[in-house]
Amino acid sequence: MTTTTTTRSRTAPRQDPVHDVNAIDAILRELELEFPSRPGKRSDLTIGTLTVPVDLTDAMRVPKGGEGEYIDAQLSQLSGKAVRVGEALIAQAFRGDPVAVAWFMSALCLLTSNRESIRRLHGVGPAVARLRDFCVKADCRVAVADPRFPQQVVQVSGWLQAHVLSTIKTLQEEHVQQLDAIYNPGRSPAKGSKFTPPEIGPLKPDVLKVQLVKQLKAVVQGELSQWQTATGAPADARPLEDIRAVANYIQGWMSDRFPVFALASPDSRYHTGFVYGDMIESTLSKVAGYGGQLGWLRNRGDLVGWDEKWGAPYVAANYNPNREADTKLREELLLEMMDDQEFVPDLIKVVRLTASHSPGRVTRIQPFFRIGVSKVDFIWEQVHTLIHEFMHFLTHQNFHDAAKTIGYRQVLDEGVTELIATVYFKLLVDHARADDRVARAVLGDRPFAEPPASLLSPGYGKAGKDAFMLAKITTLGNVQAAYFLGVMPAIGLQ
Numbered sequence: 001m002t003t004t005t006t007t008r009s010r011t012a013p014r015q016d017p018v019h020d021v022n023a024i025d026a027i028l029r030e031l032e033l034e035f036p037s038r039p040g041k042r043s044d045l046t047i048g049t050l051t052v053p054v055d056l057t058d059a060m061r062v063p064k065g066g067e068g069e070y071i072d073a074q075l076s077q078l079s080g081k082a083v084r085v086g087e088a089l090i091a092q093a094f095r096g097d098p099v100a101v102a103w104f105m106s107a108l109c110l111l112t113s114n115r116e117s118i119r120r121l122h123g124v125g126p127a128v129a130r131l132r133d134f135c136v137k138a139d140c141r142v143a144v145a146d147p148r149f150p151q152q153v154v155q156v157s158g159w160l161q162a163h164v165l166s167t168i169k170t171l172q173e174e175h176v177q178q179l180d181a182i183y184n185p186g187r188s189p190a191k192g193s194k195f196t197p198p199e200i201g202p203l204k205p206d207v208l209k210v211q212l213v214k215q216l217k218a219v220v221q222g223e224l225s226q227w228q229t230a231t232g233a234p235a236d237a238r239p240l241e242d243i244r245a246v247a248n249y250i251q252g253w254m255s256d257r258f259p260v261f262a263l264a265s266p267d268s269r270y271h272t273g274f275v276y277g278d279m280i281e282s283t284l285s286k287v288a289g290y291g292g293q294l295g296w297l298r299n300r301g302d303l304v305g306w307d308e309k310w311g312a313p314y315v316a317a318n319y320n321p322n323r324e325a326d327t328k329l330r331e332e333l334l335l336e337m338m339d340d341q342e343f344v345p346d347l348i349k350v351v352r353l354t355a356s357h358s359p360g361r362v363t364r365i366q367p368f369f370r371i372g373v374s375k376v377d378f379i380w381e382q383v384h385t386l387i388h389e390f391m392h393f394l395t396h397q398n399f400h401d402a403a404k405t406i407g408y409r410q411v412l413d414e415g416v417t418e419l420i421a422t423v424y425f426k427l428l429v430d431h432a433r434a435d436d437r438v439a440r441a442v443l444g445d446r447p448f449a450e451p452p453a454s455l456l457s458p459g460y461g462k463a464g465k466d467a468f469m470l471a472k473i474t475t476l477g478n479v480q481a482a483y484f485l486g487v488m489p490a491i492g493l494q
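The sequence shown begins at 1 in this note's numbering and counts up by one.
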């Protein structure tokens, strides 16, 4: 009888995981992946040349009831001295709102971890005060968990603005003199000036009266013919809902891709929770009363007055906007036009077909397709107009105020607006060319088509050309710092 012996393989008994060092290490590694040691750490925030490390872990770990103590600790670190205001802030400024408290703590956490940068660029006090005031605006703030949270903190605290201003070109006296010659044509140069602007001779009243009035009437008829058929009926209109959708897209597109200047000011309207599309109305909603008519004539008077395309009546007449007698005569001529009963009805029609912006309230866009222009070309024109009017909405008040102090006001009011609008328009065109989704968003679900070449350079005649010269003398960054942030010395003004 044969005996078969079976040899059983010997396997080491499985150890209790509690005593298995390798198993414990594996579990810990898994836990670390699932629950990172710094759950609030995110990718660095980069806006232009500013890079901000982001780690909100400390704020996330504050136990309930410890919020006041945490706020005190952060403020003490930021200020370099003992601060005891946390509980008062929670009760009074935030009215016990846990969401506002959490937002403020996370914002402080971001500032504290970057406090040297804050101190060097801006100072702690203003940044904290702005964050305190902003965090109670539930309609404006984004949630702490939102990827946009760090960017919003950097913007509304003034941190980004301070960084941007540290990069602005300092102007030399010669630059300031060149700029003054643009702002105030015909004004005598300052004593000791190395730059001599062109002189303007004595006014020729008859030339101004004949040529300016003639060209303004021609502009009115030319404008009217583009929107009104031969029978007097208006052209086909684009639905207002479509125009509003494009306005909203432009607002989001600029915020996402170009936050450096437009959103850098703590006071930017971007931080008020507005919706651009909600502001859009048809130009036909205008009353076009006496003030609106006169304002249109002033605006177009300055446009045709300097523009060679219209014979430059100002140049031909030696018009000097810094001479009171000249501006007085110009105003008298416009008022006389307002008394022309044959002219005024057409003027009213054109005013009601001209895009415009009422500061902070309504943007009126002309909805009718331009006669003799393809629909896609007209939509590109409308996109350009939407950006132009949006720039007006975002203009800093200091910029508006400075424009009132110069003789050639239109170079700031419209020329710089047109320059910046054209820059962003071209960037949007480039994006649409590369991404069909963008093209369809701005062109009304149409595929990309090149815009008219004329839209890729600043309009508004001489004002647009002179705005381009401002940027050449100072840099485009300086121009945007003045326009969006109100830093007027960046373009040679106070």
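Derived by calculation from the structure, the hints in this document are not laboratory data. Among the hints, a few may not be true.
[What the hints assert, rightly or not] No farther apart than 30 Å at their CA atoms in a straight line, the calculated lysine-lysine pairs in the DSS-like style are these:
(1) K286 to K349
(2) K375 to K217
(3) K465 to K209
(4) K375 to K204
(5) K209 to K328
(6) K209 to K137
(7) K426 to K309
(8) K404 to K217
(9) K404 to K309
(10) K465 to K309
(11) K64 to K137
(12) K217 to K465
(13) K204 to K64
(14) K465 to K404
(15) K81 to K64
If you're wondering where the values come from, they're calculated on a predicted model, not measured in any experiment.
Hint check:
| no. | hint | verdict |
| --- | --- | --- |
| 1 | K286 to K349 | holds, 10 Å |
| 2 | K375 to K217 | holds, 28 Å |
| 3 | K465 to K209 | holds, 25 Å |
| 4 | K375 to K204 | violated, 44 Å |
| 5 | K209 to K328 | holds, 12 Å |
| 6 | K209 to K137 | violated, 54 Å |
| 7 | K426 to K309 | holds, 24 Å |
| 8 | K404 to K217 | holds, 27 Å |
| 9 | K404 to K309 | holds, 26 Å |
| 10 | K465 to K309 | holds, 13 Å |
| 11 | K64 to K137 | holds, 23 Å |
| 12 | K217 to K465 | holds, 24 Å |
| 13 | K204 to K64 | violated, 78 Å |
| 14 | K465 to K404 | holds, 20 Å |
| 15 | K81 to K64 | holds, 25 Å |
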